[in-house]
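Chains as they are written, first to last, in our numbering: chain H, -14 to 317; chain Z, -14 to 317; chain L, 280 to 761; chain S, 4 to 326.
Incorrect hints may have been included.
[Unchecked claim] Derived pair list, reagent style BS3-like, types lysine-lysine, alpha-carbon separation capped at 25 angstroms:
1) K111/S with K169/S
2) K167/S with K143/H
3) K62/S with K143/H
4) K113/S with K252/S
5) K143/H with K275/S
6) K142/S with K167/S
7) K312/S with K143/H
8) K312/S with K252/S
9) K275/S with K142/S
FYI, nobody ran anything at the bench for these hints, they're computed from the structure.
Take a look at the letters that make up each chain.
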Amino acid sequence: MTTPTALTPAVPRLRLARFRDLTLVPVIVLLLIVGAFLDPVFLTAGNLTNVLQQQAAISLLVLAEALILISGKFDLSLESTVGMAPALAVLLVVPVSAGGLGIGLPAVLVIPLCLLIGAAIGAFNGFLIIKFQLSAFIVTLAMLIIVHGLHLGPTEGKTLFELPESMLYLGGAVWLGLPASIWIAGALFAAGIAGLAYLRVGRSLYAIGGNIDAARAAGIRVDRVLWGVFILGGTLAALAGILETGRLGAIGSGMGVNWIFMVFAAAVIGGVSMDGGKGTILGALTGVLVIGLVQNLLTLQGVSGFWQPVVYGTIILFALMISRIAGGKAQD
Amino acid sequence: MTTPTALTPAVPRLRLARFRDLTLVPVIVLLLIVGAFLDPVFLTAGNLTNVLQQQAAISLLVLAEALILISGKFDLSLESTVGMAPALAVLLVVPVSAGGLGIGLPAVLVIPLCLLIGAAIGAFNGFLIIKFQLSAFIVTLAMLIIVHGLHLGPTEGKTLFELPESMLYLGGAVWLGLPASIWIAGALFAAGIAGLAYLRVGRSLYAIGGNIDAARAAGIRVDRVLWGVFILGGTLAALAGILETGRLGAIGSGMGVNWIFMVFAAAVIGGVSMDGGKGTILGALTGVLVIGLVQNLLTLQGVSGFWQPVVYGTIILFALMISRIAGGKAQD
Amino acid sequence: MKRFGPTTALDGAGISIAEGETHALVGRNGAGKSTLVSILTGLQRPDEGEVRFSGEPAPALGDRDAWRQRVACVYQKSTIIPALTVAENLFLNRQTEGRLINWRALRARARELLDTYEVDVDPQALAGDLGVEQRQLVEIARALSFGARFIILDEPTARLDGPAIERLFDRMRALRRQGVTMMYISHHLDEVYEICQSVTVFRDARHIMTAPVADLPHDELVDAMTGEATAAYQARARTPREAVVLAASGLSLAGRYQDVELSVRSGEVVGLAGSGSSGKVSLAETLVGLRRADTGAVTVNGRAVRPGDVPAALAAGLGFVPEDRHHQGFVPLLSVAENGTMSIAHKLGRLGAVSPARRRARAVRMIQDLDIKTEGPDQPVGDLSGGNAQKVVFARALADDPDALVVINPTAGVDVKAKQALLGAVEDAADRGAGAVLVSDELDDLRICDRVLVMFHGRVVKDVPRGWSDHELVAVMEGIEE
Amino acid sequence: SDTTTTTPAAGGEGGKVGIDHPRADSDFWNSYIKYVPEMADELDVELMTATNSQNDVAKLVNNVQALIGQGAKAIVMAPQDTGAIASTLQNLENKNIPVVTVDTRPDKGKVYMVVRADNRAYGTKSCEYLGEQLGGKGKVVQLMGALSSINGRDRAEAFGECMKEKFPGIEVFDEPTEWEGSKAASMLQTRLEQHPDVKGIYMHAGGVHLAPTLQVLKQKGLLLPPDDPKHVVVISNDGIPQEFEAIRKGEIDATISQPADLYAKYALYYAKAALEGKTFEPGATDHDSTIIELPNGLEDQLPAPLVTKDNVEDQTLWGNQVK
Ligand SMILES: Nc1ncnc2c1ncn2[C@@H]1O[C@H](COP(=O)(O)OP(=O)(O)OP(=O)(O)O)[C@@H](O)[C@H]1O
Ligand SMILES: Nc1ncnc2c1ncn2[C@@H]1O[C@H](COP(=O)(O)OP(=O)(O)OP(=O)(O)O)[C@@H](O)[C@H]1O
Ligand SMILES: [Mg+2]
Ligand SMILES: [Mg+2]
């Protein structure tokens, strides 16, 4: 019978699959080497810490989007949540004199409130997409517009800079010599990597994204899981907003705007499929790092603002090709 | 056997399928009625002509995107082509004193050049996506950035005011009492509707988008057709740029920027599926009209700029729900 | 020679088919049959070797039209485009000779074609709305309609019921009289004997033998396929126990079935038979929670199960093999191990975690128990041959030692040996005390049942005890005899 | 100058000046970007390679970090979001790096000098000009910039307040164009359809609004000489050459010249002064402007002249100097 021989090739395939998450590692190494030659500052601990800190907030969005993409859905509205959730939370706690809504909830509630608002936006997205069976792309596109409007409306487009202390803490604090936001993003990525690899619910995201009917027939509570993913996504976006607020010291009306394309770019060059069921959080993380390093390098080199997009886009295309060649499979 | 009973549902099903393209018609009717009550100007021929003229350029993008989506692909870069193709074409013909590149090709070539540049961008996209098998989303995202950079770079971000006459003609001319751009968009949509319904190559888009392996097995030259669709898409985007240039009288560095979301919104609420193989050009056209009417109504009503996004997004959501209910099927 | 990464799908295999004959190709799941088909129809390029038609070299891979003039094919994987109408699917990429498509004429042609093949489908229906069986009929009609002199049929009957198979065979005989050459792949060896003149056997990617059918006894053929002596399957005798494990009372679902009463006892295998559209599949899907009945209740072990809730049904002790493995059976990108253990993931670790080691161990056992041909537990199921994928789905249903088993067409597309394994697994489960409902279009499968409920137009019309003859049962299914 | 005192104690060793440009896609800022290196030569400032934050304050923060890392001793920036820069300014203050901001006034955080023309004054001046031309009655369309930008909001608010106060007989229609020409054209066209008797237009940015406005007026047959009774009075903000050209042709009536050259010049001038340890007091300056006191620093309010047919040939206007 074929059983004994059939089992032997298992190990090489396993290795290959593991490596597929890491197709961007050569790109990162290349960037580090090239960068070190181009600018002496690039490879210093200070600069690399800066890159990580700068990418911390957006990386949480990439984490959220990767989870949503793996389960076969789509969320564009995350970018608007980044600004709107902290802004609304702040308006609910600060006095009218600071532009608040006059509701005057206790200031300690600002962070829970912010996360709650993010979760609520995710839940509403989930409701429309799952219960109403509307197109995820277009629902979240409409929500991107609406949520941003809910930021602009109450603040009248003004920047909020009289913020409760707690709102500023996380984005600015330094723990054990590293910015707190790096620790937070790192911990959440670690949790994401482990959760998707070892938790039942994590594995079920792959099943749902890979074949939703089969997942349902296998007894996975598809709707509940998807809903949870959307809520988690909204919450992570709100947390990203908190980190960004702390980093910038205020909440501008443009916070988060136009992030979503970069978020998708990071997730997809990191190997997460737009068709669902494929990709890993570790891969998405490498995508974030590539984008952060490229941006940092362009800044250090002082590439002219006019031509920056060309250089930047070209590097993304190259990263894509390298990960295509290293990954060996056609992308979608 | 069951033969006699099984045949009966044929007639109603046919009707339903035909109507499925037109699920937005009730929305349009509703908008027209509500609009007429809200503002006496709304339902005048002059205003409706304005709406059509305002939507002419973006509708060509919707046409292009619908073709690409139906064949199961994706193109984000169209929006950058709208500004870049006319800008580059103009730079190639105008003298250095008007900001040109000093190549000084004859001015009559400006429109063919512009269309050619659009086609070339489409061809390059197609090359990377089809031959290199890269993810269409991310390739065209990178190209969105690069093509915009190729607009900003040579123009140094300046608005081009001194344009050859031919560049301004189409967007501004009036033929038989209607703006030329309406005739052009109308004719192209008619061609699109007929081509997708009655030509073999048009039908092959559905086959490719619906099941690419089956299409290949059926002898469809999948790669060639897809490539053609990308080239056509780029060309239509360049034509949209020409119409828009004529309407605005100049080529600003922001022309086309942020259109792509609206383009997708129009196509998808018009019934074109993001998953390929589904939707019609007529449906996409109704999507464009809904969006144009909503924008017009918001302007007429003078809704505050801060809250406009909320109203606008909410109306899109409602249109989506109505087309979901009228269409009867879950969307994707 | 054809390789897929580490797998060698064809290894120096050859086949030569004489003009005008109907040539069978048989072999176990994963033997490389479908791979050969895709090479013979120009979809894939062999790593080594060549294809010749009537002595001439095959056309270039890109020249699809030339290929299609030489060979038509019903592929094992569906090549239907769901969003298009049946008529268009039938005439895909040949909707018209001229420039513009005349839809009315196209519909008429489609109607005519469907009528010739007695396929009872509305040409204007969306192909995606058809059942598996109807889709298969459309594919067959399409392949036969090309007027090609050589036609390949890769397991065309795996999704058809008896009368449909008969009609297909009539058609094939007529074509052969017209001198058309055919290559026929099937796991039903009696079909091979019925319509083929010669047979080629593949095993483990290699050519084993080619012989005229008439000279080859059934047993020898099976032995050639499996590479060892194999006895025919013997259904076992059982005495069902008293306890009712699965029951349904007063179930009705508008348009599907009405007033169904059902009770399955521990250690009993109940068959569910019926011709096309009898409602048997819908009923089975209701039992496991994939559909929600309009009225009535389902109980497992005497406890009512929340209607329309698959997890609740599984938790109550059901195991389930869905009708269409591609649609509801497996997640192609996930590994054999994950697909096999998906519904028992909660038993493979604590606190919501899944232990990869325990999952792997479970999977290795499944692979051995059901003899699944795979590179190992980590291979994605999407890369397996059809029959092996079916085994993975089956393995999952058995993974939890279910009290009640609902299996729909479990042996669709699996080879003789595997079929025995799968039917044996159902019987083993019954012997352990489970009750099973077996829905099948294949009379062979139904032989293991202690009794067979026959459905007709949505009603259970007869309860046939063991010992029926084919003729009897078919008569009931066709509604000829009450 | 009389407001300048040199205090050698404050250092004065000089050093590199880091500069961040706010965006590369508007005519005004592109002129500014072109003036910067010229002025640096003129003033003998050691300028680092400029970064560009592409209208994104998060990028601005990153860029400033990089500039510091590369050894900038003073920073020139133009934060388009004036709130979200607070913690960066704090950070720079801690590092003793003086900051000159151009065009916008940060809400919080220490600045050495703000170099800008008063955007509220643009709105008020435009309102006064339009109000007088129209005789205090009629309908006026305001093509606004992005509401999320402080400058757009300042102009809109000042314009609206002034209209309400001084010309209550004028009805104002606000159009949120997001600095997009396409939106401006559609909104203006729709509004003219609804109110064909609109008599005045205020454009927040000539760079994006000028061509679409002229095109719509032309299409409506309203592009008439100033002496025609149906002439629509148009006032713009920016002062780009094309606006001057339109004023000469009588297509528009006025613009407010936002001095791109002075922005560049005095940004670098103050950066250099900061490095040299100079300090400034509120009061009039030697270049027709006033320095005012802010809670977090000083602001040099550069002149932003109203340009009409009468003074459009004035060669000192920056719009007449670009080629
Ligand atoms: N795309 C692929 N990638 C990797 N392996 C593949 C692929 N296609 C087929 N194989 C492998 O090639 C072998 C032969 O598969 P094939 O489908 O030809 O078998 P088959 O004889 O048709 O089986 P069945 O009777 O189950 O249909 C199997 O081991 C299968 O796993
Ligand atoms: N998608 C559908 N939409 C509407 N009616 C359907 C659909 N699928 C099946 N039906 C109808 O439901 C009834 C029962 O279908 P079901 O699939 O349960 O029959 P079946 O016994 O499994 O038939 P088969 O042997 O052909 O699979 C039939 O009348 C059929 O026409
Ligand atoms: Mg096969
Ligand atoms: Mg069925």
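Against the 25 angstroms threshold, does the CA-CA distance of K312/S and K252/S hold or violate the hint? holds (9 angstroms)
Do the alpha carbons of K113/S and K252/S lie within 25 angstroms of each other, as the hint requires? violated (46 angstroms)
CA of K275/S to CA of K142/S, is that 25 angstroms or under? violated (48 angstroms)
Verify the proposed pairing of K111/S with K169/S, using a straight-line Cα cut of 25 angstroms. violated (32 angstroms)
Agreement of K312/S and K143/H with the hint, judged by alpha carbon distance not exceeding 25 angstroms: violated (36 angstroms)
Given the hint that K143/H pairs with K275/S, test it: the Cα-Cα distance must not exceed 25 angstroms. violated (32 angstroms)
Would you mind confirming whether the straight-line C-alpha gap from K62/S to K143/H stays at or under 25 angstroms? With Cα atoms ~19 angstroms apart, K62/S and K143/H stay inside 25 angstroms; holds.
Between the alpha carbons of K142/S and K167/S, is the straight-line distance 25 angstroms or under? Measuring from Cα to Cα gives roughly 13 angstroms; hence the hint holds.
Satisfaction of hint between K143/H and K167/S, Cα-Cα up to 25 angstroms: holds (22 angstroms)
The structure shown violates the earlier hints numbered 1, 4, 5, 7, 9.
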